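Please work from the sequences and hints to get the whole structure.
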Amino acid sequence: MSVDKNSSSVRGKVKWRRFALVAVPAVVVAGTMVGLTAEGALASSISVSGQEFTITADQLNGTGFAQFGGALPNSSGGQTPVIVSAMQNATMTNLCQSVTVLGLTIHLTAGGGGGDPVSASNLVVDADSQTAGSAVFNNISIGQDAGTMGGPAGTFGEQASSVTINKLVQKTWYTTAGTFTLPNLSLGFGASC
Amino acid sequence: MTADDAGTVHEAGSGPTPAVPAPRHRRPRLARWRSWRRSRPFWGGLLLVLAGLELFAIPLSGVLIHGAIKLVIYIGIGGVFGVLIGALLILSGLMTWFNATHKTFYSIAGIVLGIVSFPASNLGGLFLGMLLAIIGGAIAFAWTPLRETPEPIAVLWTPDEAAPEQTALGWEPDREATEQPDAADEESAKPAGLGPESGAALA
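For the record, the sequence lines run as chains A and B. Throughout the first sequence, residue numbering follows the working numbering, covering 26 to 218 in sequence. Throughout the second sequence, residue numbering follows the working numbering, covering 81 to 283 in sequence.
Do not take every clue at face value.
[What the hints assert, rightly or not] Simulated restraints on C-beta separations:
hint, chain 1, residue 1, chain 2, residue 2, range
1, B, His-182, A, Phe-181, 50 to 60 Å
2, A, Val-54, B, Trp-116, 27 to 37 Å
3, B, Ala-111, A, Val-53, 35 to 45 Å
It should be emphasised that the hints constitute simulated quantities derived from the structure, not laboratory data. In this text the structure is predicted, and so the values were computed from the model without any measurement. Using N, Cα and C, we set each Cβ at its ideal position, and we do this for glycine too.
Written out as C-alpha cells, the structure reads:
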C-alpha cells in the first residue's frame, strides 16, 4: 500500500460520497436504537459520577430498598457526605435528569405522558440532598448496621422491602444502574430540571 | 518506496537537490505538522478520540478528578462498559493516525463502538459521544489518499484516451473527466491500473 506512517508526503482528502456511504447507514442504525429505547423496548446502562446533577420524579416505587450514609472524596481532597440509596428494582414516572457536561446542560426526560414508567434495576444513587413530598416504606427496619447492606460497618442504615416516594428531588453525585428502560425518552439542551 | 520519497521532495519544494532525509528535518515545524496532518485521516481520528474521551468522562470524572480508585469498584458494569468503549474509541482514533493503511478497519470499528455505546454507556455519552464517533468514523473512512505523481499509471495509458474507455467499461461511470487525477489516486491503484489496460485489449 502506498500509505504507511513514513510516507508523510502522501496527502489525502475526504470524499463526501464515501462519507455518506457509511454515515447514512450508521445514523439509521443509531436512530433505530434511539427509537427502541424511547419505546422502552431497549434497556440502557447508566453510570454517571463526579459531578452534581439533578434527578426529579413525580413518583418512585422501589423494591429491595436500602439507605445509609456514606462519603465520596471531593476535588478539594476532603469528603462529601452523601446519602446512598440502593434499590434492586425501581420504577419512576416523569423522570427528569439534568447534567452539565463540558459546560453544556443536557436534560433527559422519560416515563411521562401517561405511558409506561421508567424502570431501573440495581439502581444506586449517592445524593447530597434529597427531598420528597411524601414517602411510604413497607417493612422498614431503621437503625440497622449499614455494614450489613454494603455500607460502612457500624454506621446508621435503614432497609425496607418496598418504598414509594412522591415528588422526589435529588441532587446526586453518583448514579449507576445495571439497566435503565426509558420509554418516552426525550433529550434536550439548556434547561435543568 | 521510491515514489513516496520523490513525493516528499516535491512537498518540501525548497531544496533542488533531492537529499532525502536532510530537507525533511530542515522544514519548518508548521509545514511538517501540516504534512503530517494531511497525510492521514487527521480530523476523523481526532473526532474518534474526542468521542472516546467524552464517553470516558461521564462515568469516570469522579475517578479522574478525585483520584478515587474506590469509585471504580463502586461503578460496576455500566461504568466498565463506558471505560472500555471509551478506551477502544481512543485507540481506534489513534490507530487511524498511526496506522493509516488500515484506517478502513479502525474507522468502521469506531462507528460500531459509537453505536454500541448508546445502550451500553449513558446513552452514548448523552448522544454526544455517539454522534462524534459516527461522524469521526465516517470522515476517517471517507478520507482517501491522493498521489501527486501517478507515475505507474501514466506509463500504461494517457489520460486523454483513458477517459472514454473507463466509462465504457463501467469504472465508476459517474466520475467526471475533470477528476481523472483523483481516479489515479484511488487507494487501490492496482485495479485502476489494470482497467485501462484491459480496455485497450478489448479495443
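Compare the structure with the hints numbered earlier in the document and write down the numbers of the violated ones, lowest to highest.
No numbers; nothing is violated.
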